[in-house]
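Protein chains: 2
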Amino acid sequence: MEMIKVSANSRTSAVAGAIAGVIREHKHAEVQAIGAGAVNQAVKALVLATGYLEGDGIHIVCVPHFVDAKIDDEKIVTAIKLVIEPR
Amino acid sequence: MEMIKVSANSRTSAVAGAIAGVIREHKHAEVQAIGAGAVNQAVKALVLATGYLEGDGIHIVCVPHFVDAKIDDEKIVTAIKLVIEPR
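Note that the protein sequences, when read in sequence, are chains A and B. For what it's worth, my numbering labels the leading residue of the first sequence as 1, then goes sequentially. For what it's worth, my numbering labels the leading residue of the second sequence as 1, then goes sequentially.
Chain A extracted, bound-state conformation:
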């Protein structure tokens, strides 16, 4: 399963669609965001995805984690990973 990577410039509706699609298929999705702008877009996308999936009777919840992420194939930074699953 792929990690959904979100940046500060990601479109929330596109990210939300990706979350909803992965949840429908795998019942588990992971979203990674580095930096405040990206975390904000990820959380907004999660609100939208929650609405999309409620229409299917799927109620999702999220658990956030810190993870190490590599940027530019080199530098290690702390990212936020949102683990999303049906309640």
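Worth flagging that the hints you see were computed from the coordinates, not collected in a lab. Among the clues, some could well be false.
The list makes no distinction among identical chains, and a pair is therefore deemed to hold if it is satisfied within one copy or across any two copies.
[Unchecked claim] Derived DSSO-like pairs: lysine-lysine, alpha-carbon spacing no greater than 30 Å straight-line:
1. K75 to K5
2. K81 to K5
3. K81 to K27
4. K70 to K27
With chain A held as given, fit chain B onto it using these hints.
This is chain B only, laid out in the frame that chain A set:
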């Protein structure tokens, strides 16, 4: 029960302690953040609170919502509300 309000300048450990305390007492906590910096601090605090509460055997999950919030007792803006409960 009070809403825990988070700003971009909030200390994550202080917010995490507040979340953990409210969850222990009420089994339900709500965190409000306006703007990317505040949402980022709120999510980081939630990661810390998750760790604090795991020590007590409490595993929390989060559902984010959009809410209208009033700033300066006047202007209405869209805020993120994180609803936090034991899984």
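Check your understanding: Among the hints numbered above, which are violated by the structure, and what are their numbers in rising order?
Key -> As far as the earlier hints go, not one is violated by this structure.
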